[in-house]
Amino acid sequence: MIADLRRILLAEDSANDVELTIAALGDHGLVNQIDVVRDGAEALDYLYRRDAYAGRTPGNPAVLLLDLKMPRVDGLEVLRQIKGDQRLRTIPVVMLTSSREEGDLIRSYELGANAYVVKPVEFGDFMSAVRQVGGFWAVVNEAPPRVAAG
Amino acid sequence: MRARDLRDRLRWANVSLRYKGLIVVGIPMLPLVVTAFLWYSNQRRADAADGLVAHTLKVKAELSHTVTLLVDAELGARGYLLTRDPEMVRAFHAATAALVPTLRQLVQDVRDDPSQIARLRKMGPLARNRPLSSIIAYADKMPAGSPPPLDLLERSRTSMKGLRDVLQEMQEAEDALLVTRSDEARAARRQGTRVTIGGLVVGLAGGVFAMLLFTRSVARRVGDVASNAKRLARGEALLPMEASRDEVGGLADALDRAGALLAERDAELSRRVEQTAAANRELESFSYSVSHDLRAPLRHIDGFASLLERRADGLDEQGRKHLRTIREAATRMGQLVDDLLSFSRMGRAEMACADVDLHTLVSDVVEEVRRDEPTRALEWTIDPLPPVYGDRAMLRVAFRNLLANAAKYTGPVAHPAVTVGTLPRVNGEQIVYVRDNGVGFDMTYAHKLFGVFQRLHAADEFEGTGIGLANVHRIVQRHGGRTWAEGAVNQGATFFIALPDHGEAGS
Numbered sequence: 001m002i003a004d005l006r007r008i009l010l011a012e013d014s015a016n017d018v019e020l021t022i023a024a025l026g027d028h029g030l031v032n033q034i035d036v037v038r039d040g041a042e043a044l045d046y047l048y049r050r051d052a053y054a055g056r057t058p059g060n061p062a063v064l065l066l067d068l069k070m071p072r073v074d075g076l077e078v079l080r081q082i083k084g085d086q087r088l089r090t091i092p093v094v095m096l097t098s099s100r101e102e103g104d105l106i107r108s109y110e111l112g113a114n115a116y117v118v119k120p121v122e123f124g125d126f127m128s129a130v131r132q133v134g135g136f137w138a139v140v141n142e143a144p145p146r147v148a149a150g
Numbered sequence: 151m152r153a154r155d156l157r158d159r160l161r162w163a164n165v166s167l168r169y170k171g172l173i174v175v176g177i178p179m180l181p182l183v184v185t186a187f188l189w190y191s192n193q194r195r196a197d198a199a200d201g202l203v204a205h206t207l208k209v210k211a212e213l214s215h216t217v218t219l220l221v222d223a224e225l226g227a228r229g230y231l232l233t234r235d236p237e238m239v240r241a242f243h244a245a246t247a248a249l250v251p252t253l254r255q256l257v258q259d260v261r262d263d264p265s266q267i268a269r270l271r272k273m274g275p276l277a278r279n280r281p282l283s284s285i286i287a288y289a290d291k292m293p294a295g296s297p298p299p300l301d302l303l304e305r306s307r308t309s310m311k312g313l314r315d316v317l318q319e320m321q322e323a324e325d326a327l328l329v330t331r332s333d334e335a336r337a338a339r340r341q342g343t344r345v346t347i348g349g350l351v352v353g354l355a356g357g358v359f360a361m362l363l364f365t366r367s368v369a370r371r372v373g374d375v376a377s378n379a380k381r382l383a384r385g386e387a388l389l390p391m392e393a394s395r396d397e398v399g400g401l402a403d404a405l406d407r408a409g410a411l412l413a414e415r416d417a418e419l420s421r422r423v424e425q426t427a428a429a430n431r432e433l434e435s436f437s438y439s440v441s442h443d444l445r446a447p448l449r450h451i452d453g454f455a456s457l458l459e460r461r462a463d464g465l466d467e468q469g470r471k472h473l474r475t476i477r478e479a480a481t482r483m484g485q486l487v488d489d490l491l492s493f494s495r496m497g498r499a500e501m502a503c504a505d506v507d508l509h510t511l512v513s514d515v516v517e518e519v520r521r522d523e524p525t526r527a528l529e530w531t532i533d534p535l536p537p538v539y540g541d542r543a544m545l546r547v548a549f550r551n552l553l554a555n556a557a558k559y560t561g562p563v564a565h566p567a568v569t570v571g572t573l574p575r576v577n578g579e580q581i582v583y584v585r586d587n588g589v590g591f592d593m594t595y596a597h598k599l600f601g602v603f604q605r606l607h608a609a610d611e612f613e614g615t616g617i618g619l620a621n622v623h624r625i626v627q628r629h630g631g632r633t634w635a636e637g638a639v640n641q642g643a644t645f646f647i648a649l650p651d652h653g654e655a656g657s
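Going down the list, the protein sequences come from chains D and C. With our numbering, the residue at position 84 of the first sequence is 84, and numbering never jumps. With our numbering, the residue at position 236 of the second sequence is 386, and numbering never jumps.
Chain D extracted, bound-state conformation (with noise of 0.2 angstroms):
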């Protein structure tokens, strides 16, 4: 059996967000467990194990925090392939963006989308986001059980 990987995969393409967001992770001493991704295609080679990320251990992440807006491949097309492809679609995604559009929240959970999170413009409120995602979802969520990993 694998170890189980409870790691959490951030995809984020501002280099301010992936700090504010490490940081308040790091409050949860969930420093360790993040792996950074920049972009929606970064994030699909990832989740696959190619090309950059071939040699990563074998495993899903315990959450995806998906931001909406990132160069190559968004966030949506990103949570479209996930949800459509049996060996991922268990992965917990959590939408993290700016955008409180309707439209972006509607398409987020037609999609499948397990959580919506608007990134708080105060940054207490944005930690505390941040905090409670990350330790819902890489401590106190009980992961899906591990289908033949990719």
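In short, the hints are calculated from the structure, not lab data. The beta carbon of each residue, even a glycine, is placed where N, CA and C say it ideally should be. Some hints could be false.
Facing chain C, a subset of chain D residues (Cβ under 8 angstroms, in silico) [as the list claims (entries may be wrong)]:
| no. | residue |
| --- | --- |
| 1 | Asp17 |
| 2 | Leu20 |
| 3 | Lys119 |
| 4 | Val121 |
| 5 | Phe123 |
| 6 | Phe126 |
| 7 | Ser128 |
| 8 | Ala129 |
Since the structure of chain D is provided, determine the placement of chain C on it from the hints.
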């Protein structure tokens, strides 16, 4: 080319209505006029034939009279020979005298008929050969009882017979004429009847034909044009109409052109609407960018200022205050961006209008506002509110803003009270007001109340971005209604919204 032009112009549909009318009236009239003429000429013919019959009868009477006179003369002469009665001689002379004008008249009457004239001529020698005068002379000369002049009597009988034969021939000729002329008169009369009946039938058929021609061409086409006019009025597409160059055709053409013009305007309008929609989409994507791109740097400002705050050991109190200010400014700008976006959404959102139970809606919102500050002693009064027509979600936002405002601006007042009520419905408008006894405002600036980011109070006095009333105004405006406010400094404020009974949906 010219022949085709002519044929084209003579096409029934191309004949102008005036001439069509003439033709339609003329079709039954022409046979009637012809009939009248034929009837008249036939009548003349019948009259002429009748005249000829009468003439023949007159000739026949004259012939009979001639025979009678001849016989009278003969009887006179013979009677005198037998009786020597002078009365007989007078009768003879009278008959002979009357014979002359009678014969003259007869000659006059048959002068057009050469065969009769020829017969009359034969009578001359026969009459001259009559020895009647000689018989009378013999009777005068001889005493009564003497033997009769047998040769004279024989001659007299022979010539009399000759005369009778000739007259009989003439009678027969006239009889034949009479038959022919009577037949002719009868035929003329019969033909007159036939012509009259025929003319009436043709005229009647012509009338029916003209009527059909009129209804099938003119009336049907006028009907087509009328129904197309109705379709035009209803904004439906026109049905094809028969092309023609008469007045109906002109009407159809004009209608077609009006339809085309309308369609063109329609297309133009659609283009404009499409342009507006495109502009709106652009605005939408702009809003999206603002939402996403503007909020991110704000978050970063606040985030990094906050991280800096954690390691603020090296900062003095002044430095820490600056950091706090940076963070507050970022938070406030985030609020402004959010409010501006919600305002823009309120202007673009599709409206779903229906009857809205305003009383329940307002009561719910009051509950919400009350929950925000559960410990506050604010006295709410909600008069019975009538149902209104509008978008429920939007009206909720409007009242949420109005009631939250009322709660906010009554903050400093000792006994805060807010009333929601209505004015009597006038001119198809329902007016609802929200009255508070709060800090009020200076009426001088009333016109600024409903503007975006317009505020009549300092931000540190009352919270808010100044978007609430702008939202109220936009929502009511989209319902086709009006907003206004009355108030005075420290004497409370009343906000009115007037909603039309069936709001003109749209922006």
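query: Hint check: is the beta carbon of Val121 (chain D) less than 8 angstroms from a beta carbon of chain C?
result: With a closest approach of 3 angstroms, the Val121 (chain D) hint holds.
message: Holds or violated: the hint that Leu20 (chain D) contacts chain C, with Cβ atoms closer than 8 angstroms.
response: holds, 4 angstroms
query: Given Ser128 (chain D) as an interface hint, is the shortest Cβ-Cβ distance to chain C below 8 angstroms?
result: Since the shortest Cβ distance to chain C is 12 angstroms, the answer is violated.
message: Interface hint check: Phe123 (chain D), Cβ to nearest Cβ on chain C, cutoff 8 angstroms. Holds or violated?
response: At 4 angstroms from the nearest chain C Cβ, Phe123 (chain D) passes the 8 angstroms test, so the hint holds.
- request: Answer holds if the nearest beta-carbon of chain C is closer than 8 angstroms to that of Asp17 (chain D); otherwise answer violated.
  value: With a closest approach of 7 angstroms, the Asp17 (chain D) hint holds.
query: Does Phe126 (chain D) meet its interface restraint, that is, does its C-beta lie within less than 8 angstroms of any C-beta in chain C?
result: Phe126 (chain D) check passes; min Cβ-Cβ to chain C is 6 angstroms, inside 8 angstroms.
message: Min Cβ distance, Ala129 (chain D) to chain C: is it shorter than 8 angstroms?
response: Violated, about 11 angstroms.
- request: Against chain C, run the beta carbon of Lys119 (chain D) and see if the smallest gap drops under 8 angstroms.
  value: Since chain C brings a Cβ to about 6 angstroms from Lys119 (chain D), closer than 8 angstroms, the hint holds.
Hint compliance for this structure: hints 7 and 8 are not met, and every other hint is.
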